Each structure stands twice: as C-alpha cells, then as structure tokens.
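K.L.:
Sequence:
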Amino acid sequence: MQQDYDLLIVGGGLAGNSLALALKDTGLRMAIIEVNTREQLYASPAGDRALALAGGTVKMLEALGIWQGIRQAATAIKNIHISDRGHFGKTRLSAQQENVDALGYVISARDIETHVARLASEANIELICPARVVGLMSGEDAIHVSLKRGDESFSLSAKLLVGADGGQSSVRKLLDIDQKATEYGQTALVTTVKTSVPHNNTAYERFTASGPLALLPSGNSGCAVVWTRTDEDAKALMAGSEKDFLNELQECFGYRLGELALAAPRRTFPLSLIRAEKMVSGRAVIIGNAAHQLHPVAGQGFNLGLRDVVALAEMIIEQQGDGQDIGAADFLNRYAKVRQKDHNLVIGFTDNVVRIFSNEWLALALVRNIGLTLLDHIPAAKALLARQAMGLVGRMPRLGSRR
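With the numbering used here as the guide, the letters of the sequence shown map in order to residues 10 to 412.
To be clear, the hints were calculated from the coordinates, so they are not data collected in a lab.
All values reported here derive from a predicted model rather than from experimental measurement.
Take the hints with a grain of salt, since some may be wrong.
Said to hold, decoys possible - Calculated lysine-lysine pairs in the BS3-like style (CA-CA distance at most 25 Å, straight line):
(1) K182 <-> K287
(2) K68 <-> K182
(3) K168 <-> K87
(4) K203 <-> K244
(5) K203 <-> K252
(6) K350 <-> K68
(7) K189 <-> K350
(8) K168 <-> K157
(9) K168 <-> K182
(10) K168 <-> K346
(11) K203 <-> K87
(12) K346 <-> K287
Said to hold, decoys possible - Computed spacing ranges between beta-carbons, pair by pair:
(13) A132 <-> K252: 41 to 49 Å
(14) K287 <-> A72: 25 to 33 Å
(15) D331 <-> V206: 51 to 59 Å
(16) E192 <-> A85: 30 to 38 Å
(17) I283 <-> H90: 25 to 33 Å
(18) A273 <-> G148: 46 to 54 Å
A virtual CB, placed ideally from N, CA and C, is assigned to each residue, including glycine.
Hey, can you work out the whole structure from these sequences and the hints?
P.N.:
Set out below in structure tokens:
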C-alpha cells in the first residue's frame, strides 16, 4: 500500500526542523505539521530563553549546516565559575585548560529557531501549517493521521510519525503515553541584564538555598539570567517593582560583574522534571521535549534533545539505506534503547544537582563545598566535568555517511 509520506514530523520548532534538515538529502517523502503560524512561533515568550549550547552540540549543528548561520549571534563561554552562596566551595573551568576555543555558546532560542525555520523553507521541506493533529492510528504498513485546519478535516498516512511538538505534545497525549513528573516547587525567572564590569566570556553558576542562579555571557556587555527561586518567592519578585527585583538579584549574585541593570522583560517558567514512560508506540516515536523536560540547572535540555534528533536521523539514514522499513517496531525499539542510556545519565545528573545544592542542610553543605574545592584542584576530575559540560561524555552521534 502506498503511503502519502515516508515520514511526518509533528512540530515545526527546533527539534522538528532540525530532523527534517538532517534528512533533506535522503529522498524521503516528508512533511512537517505545525499547529502555530510562523508569526505565532516567533512571538512566543519561550523565544526569550537563553540556550546554552554545549561544544558537542555545536559540532552537530555544524554537521546539519545550522551553526554557520547563527554563529555571529552566539556568545562564546570561555570560562565557567561555579560557587555556593555563603560557603567557601568553588570550581572554575577554562576553555584554555581544555585546549578548546570555547566550552560552549549562549544564544537566544528565537535566533536559532528563526534560522532553522528559514533553512527548512529554503530546502523546500513541505510545511503543513497551521494544522492540528487530532487522531493517530498505527496499522501494519502505515500510521494514519487525522488533522484539522480551520473547519477542514483531512487525513494523511506515513511509514513513520515523529512527535517533536514540545512539552505539551499532542502526539504523546494521542498515543496515551504516560509521564512521570517530579515537581521541584521552583520557578525560573528569566531576563537579561547589562553589567558595568565586562563578563569576559565567563558563565556563572551560583547555587543558593532556593535554587541556582546562572548569569550567562550574552553580547559584549550583557548576561542572560536564569534565576531559580521557590514558587512563592518567584510570585513575590514578579509582583514587585523592577527596582526591587534588581536589588534582590544584585544581593543574590553580588558585585563580581559590578552594577546590574535590567535590559529585557522578566518572564517566569515553572520547573519540573517530566519524563515520558516510553518513547515509542506503534509507528510513532517522540523526541526532544515531548519525551523529556529537565531543570535548567546544567543547561542540558536542548543539548539532550538535539542528540535525540541526530541519533534518530543517523539511524533512519542507515535503515533506509538497507532498504528496510523506517517505521518497523524492531527499528524504533532499537532507537529507544540507544537513547535510554544518555537520557538516564543526563536526567540523573541534573536531578541530583538540584537536590544536592537546593538546600541548606549543614552536613550536606559541608560535603558539597569540600567537593567543589577538591574538584577545583584535581585536574582529571575537572577535565571530566568540563567534558560533561561540553556534552562530550559518551558516544557522540554522527550523521550517517550514506547521506
């Protein structure tokens, strides 16, 4: 039976467009389905988020032909300074010590999303937009997709459907894939500040009793702020004036970067660890935020999601090259098994950091500060932490040579 498409990708954001770009030269009949218009996507407050791109992520973006067009909008992280507020422990990482140009880069989600969408358009990747997926049914040879566009209802079929439609994934819900959620009782306050002292391409991660505070270099004289507070504290900070907010932020961070001045609106994002109980159902697979949402403490969310994209693309290319069904159950289960180890490692690491550093139990505070201090003086341990920060621990997925 002839399907309408080989591959349908639900979600026209970073993950969906990146997957399409990775597969654009394969000859696969594919299309992206997106519920929002380009204007709605561009105007989303989520575009204000600062993404920390690990060194390994930059390598993958280069392979996808994405990095070359966004590099000028990104700010290099050449140093990372990790400290525990009110305690003695600290660790410093340096690109120079690791013999790399940068430990990572900072870019706004909107900058990279806009560029990736433009590349997908220029590659003539079909976009079905705006359209909402309202039903899914996997058969022996195809998955059947019911869609609505305004008052119009229609259906399509494909060998494989990929859900890359974010944390509120309609694909995950329609597949009845349950989630395990861990509520941290924390909210991320996100903004940008100007600093009176140059940041010198240093990213700061300061742990406090209510959660971590990150200041990431952005442009020549600014820093992207990701400030984790309890839900109650966050509400109070947003209800107060900008002056009160800035005073509290200055008090929490200190004067290492001199006087801070707000340079962007304040926004909030509730924080939790959410993980889908499975990645595969029938002829469908979910990737990126549809499968996992992480606390921003280690800046690993987007990096983990892009590894999902590249690993899936790599395996699809190999499966297609062998003349095999890209929606076969054994193939999709193999993908899920391949990604499980990376998910477990990164999610476990992130969750443990939140739990260890977001409290003031005296014995634990002493242990973690001794750990930070020892880490700062043990080159091998520091190098391992740097590799973790750069996303270079474990096997790096590579795009298949059959492309």
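K.L.:
Would you check the hint for K168 and K182, treating anything up to 25 Å between C-alpha atoms as holding?
P.N.:
Holds: K168 and K182 sit about 20 Å apart, inside 25 Å.
K.L.:
Does K87 lie within 25 Å of K203 when you go C-alpha to C-alpha?
P.N.:
Satisfied, since the Cα-Cα distance of roughly 19 Å is no more than 25 Å.
K.L.:
Is the Cα-Cα distance between K203 and K244 25 Å or less?
P.N.:
Distance of about 23 Å is within 25 Å: holds.
K.L.:
Mind checking the alpha carbons of K68 and K182 for me, to see if they're no more than 25 Å apart?
P.N.:
At roughly 33 Å apart (the allowed maximum being 25 Å), K182 and K68 break the hint.
K.L.:
Measuring from beta carbon to beta carbon, are A273 and G148 in 46 to 54 Å?
P.N.:
holds (49 Å)
K.L.:
Holds or violated: K168 and K157, Cα atoms, limit 25 Å.
P.N.:
Between K168 and K157 the Cα gap is close to 20 Å, so the pair holds against 25 Å.
K.L.:
Measure nothing beyond the straight line between the CA atoms of K189 and K350; if it is 25 Å or shorter, mark the hint as holding.
P.N.:
Within the cut-off at roughly 17 Å; holds.
K.L.:
Given the range 41 to 49 Å, decide if the beta-carbon distance of A132 to K252 lies inside it.
P.N.:
For A132 and K252 the Cβ distance comes to about 48 Å; the hint holds.
K.L.:
Please work out if K203 and K252 have their alpha carbons no farther apart than 25 Å.
P.N.:
With a Cα-Cα distance of about 14 Å, the restraint between K203 and K252 holds, given a limit of 25 Å.
K.L.:
Quickly compare the C-alpha distance for K346 and K287 to 25 Å and report which way the hint goes.
P.N.:
holds (10 Å)
K.L.:
Evaluate the given range 30 to 38 Å for the C-beta pair formed by E192 and A85.
P.N.:
With a Cβ separation near 35 Å, E192 and A85 satisfy 30 to 38 Å, so the hint holds.
K.L.:
Would you say the C-beta atoms of K287 and A72 sit inside 25 to 33 Å of each other?
P.N.:
For A72 against K287, whose Cβ atoms are near 28 Å apart, the range 25 to 33 Å holds.
Of the hints listed earlier, those the structure fails to meet are numbers 2 and 3, in rising order.
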